[in-house]
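One letter stands for each residue in the lines below.
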Amino acid sequence: DGGITQSPKYLFRKEGQNVTLSCEQNLNHDAMYWYRQDPGQGLRLIYYSQIVNDFQKGDIAEGYSVSREKKESFPLTVTSAQKNPTAFYLCASREDRGGNQPQHFGDGTRLSIL
Amino acid sequence: DAKTTQPPSMDCAEGRAANLPCNHSTISGNEYVYWYRQIHSQGPQYIIHGLKNNETNEMASLIITEDRKSSTLILPHATLRDTAVYYCIVGNQGGKLIFGQGTELSVKP
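Protein chains in written order, with the numbering used here: chain A, 363 to 476; chain B, 16 to 124.
It is worth saying that the hints were derived from the structure and are not from the lab. Ideal Cβ placement from N, Cα and C applies to all residues, glycine included. Just so you know, not all the hints are guaranteed correct.
Quick list of in silico lysine to any residue cross-link-like pairs, SDA-like style, CA-CA up to 20 Å [unchecked claim]:
| no. | chain 1 | residue 1 | chain 2 | residue 2 |
| --- | --- | --- | --- | --- |
| 1 | B | Lys111 | A | Gly404 |
| 2 | B | Lys111 | A | Thr441 |
| 3 | B | Lys67 | B | Leu95 |
Computed beta-carbon distance windows for the label pairs [unchecked claim]:
| no. | chain 1 | residue 1 | chain 2 | residue 2 | range |
| --- | --- | --- | --- | --- | --- |
| 4 | B | Pro36 | A | Val414 | 39 to 49 Å |
| 5 | A | Lys445 | B | Asn34 | 24 to 34 Å |
| 6 | A | Ala423 | B | Thr94 | 33 to 43 Å |
| 7 | A | Gln379 | B | Ala28 | 48 to 58 Å |
| 8 | B | Thr80 | A | Asn388 | 34 to 44 Å |
| 9 | B | Ala32 | A | Thr441 | 31 to 41 Å |
| 10 | A | Gln418 | B | Thr41 | 35 to 45 Å |
| 11 | A | Ser435 | B | Lys111 | 18 to 28 Å |
| 12 | B | Lys84 | A | Thr441 | 38 to 48 Å |
| 13 | B | Ala28 | A | Glu424 | 21 to 31 Å |
| 14 | B | Ser56 | A | Ile422 | 13 to 23 Å |
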């Protein structure tokens, strides 16, 4: 989707390393989300943030951390505590003005373990 | 767990209408029905959403039954580029969407 940029597109991590995935949006959206997708599966929510300097755990937050210091940025760190980090990671954003606006997604980052 | 049930796969002839069903019998009164699609190795693309009235946009039409327990996404003239996994999702203002397995639509020439 235009306006949501995820980088890098492919990322490789060594065992025991933390890595940070970038998500930037220029849509002036209030809410941002991180999902994980495994092969042949649907998306699972990791973390979400509805306002700057605030965020909540999703269904599979263990081994991940986030920050929301700026409205347009919501980076995700995959820590060494995440034992199975190989997956497709998707960031989304949403305009939160009380009308059930849909989430819009970036093109994802594919993370692999070396 | 996903709140929706969709057939795992469907075929459609190019140029014909594709009708993708979704059951959401436990939908709450304030929950909307959203449809997304995902082409391999890309992020999901928003298609359409609705509460109880039928909706239409440049991509598709959404038909929601009167009791809101099921809906159908209609792609009026399917093309090969419509081949994708289609997700039907119910959600509310919290913005949390629960994705199920979706329907893999194959449009064939």
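Taking 39 to 49 Å as the hint, is the beta-carbon distance of Pro36 (chain B) and Val414 (chain A) inside that range? Hint holds: Cβ distance 40 Å, inside 39 to 49 Å.
Taking the CB of Lys84 (chain B) and the CB of Thr441 (chain A), does the distance hold inside 38 to 48 Å? Roughly 42 Å apart at Cβ, these two residues keep to the hinted range, so it holds.
Quick check: does the Cβ-Cβ distance between Ala32 (chain B) and Thr441 (chain A) fall within 31 to 41 Å? The hint (31 to 41 Å, Cβ to Cβ) is violated, given that Ala32 (chain B) and Thr441 (chain A) are roughly 47 Å apart.
Ala28 (chain B) and Gln379 (chain A) - C-beta distance against the hinted 48 to 58 Å: holds (49 Å)
Could you see if the CB distance from Gln418 (chain A) to Thr41 (chain B) stays within 35 to 45 Å? With Cβ atoms ~23 Å apart, the hint is violated.
Cβ distance range 34 to 44 Å for Thr80 (chain B) and Asn388 (chain A), holds or violated: holds (38 Å)
Does the Cβ distance between Ala28 (chain B) and Glu424 (chain A) fall inside 21 to 31 Å? Given range 21 to 31 Å: violated, Cβ gap about 46 Å.
So does Ser56 (chain B) sit 13 to 23 Å from Ile422 (chain A), Cβ to Cβ? Since Ser56 (chain B) and Ile422 (chain A) have Cβ atoms about 21 Å apart, the given range 13 to 23 Å holds.
Has the hinted range 24 to 34 Å been met by the Cβ atoms of Lys445 (chain A) and Asn34 (chain B)? Given range 24 to 34 Å: violated, Cβ gap about 42 Å.
With 33 to 43 Å as the target window, see if Ala423 (chain A) and Thr94 (chain B) comply at their CB atoms. holds (39 Å)
For a C-alpha distance cap of 20 Å, please report whether Lys111 (chain B) and Thr441 (chain A) respect it. violated (24 Å)
Is the hinted range of 18 to 28 Å satisfied by the C-beta distance from Ser435 (chain A) to Lys111 (chain B)? Roughly 21 Å apart at Cβ, these two residues keep to the hinted range, so it holds.
Hints 2, 3, 5, 9, 10, 13 from the earlier list are contradicted by this structure; the remaining hints agree with it.
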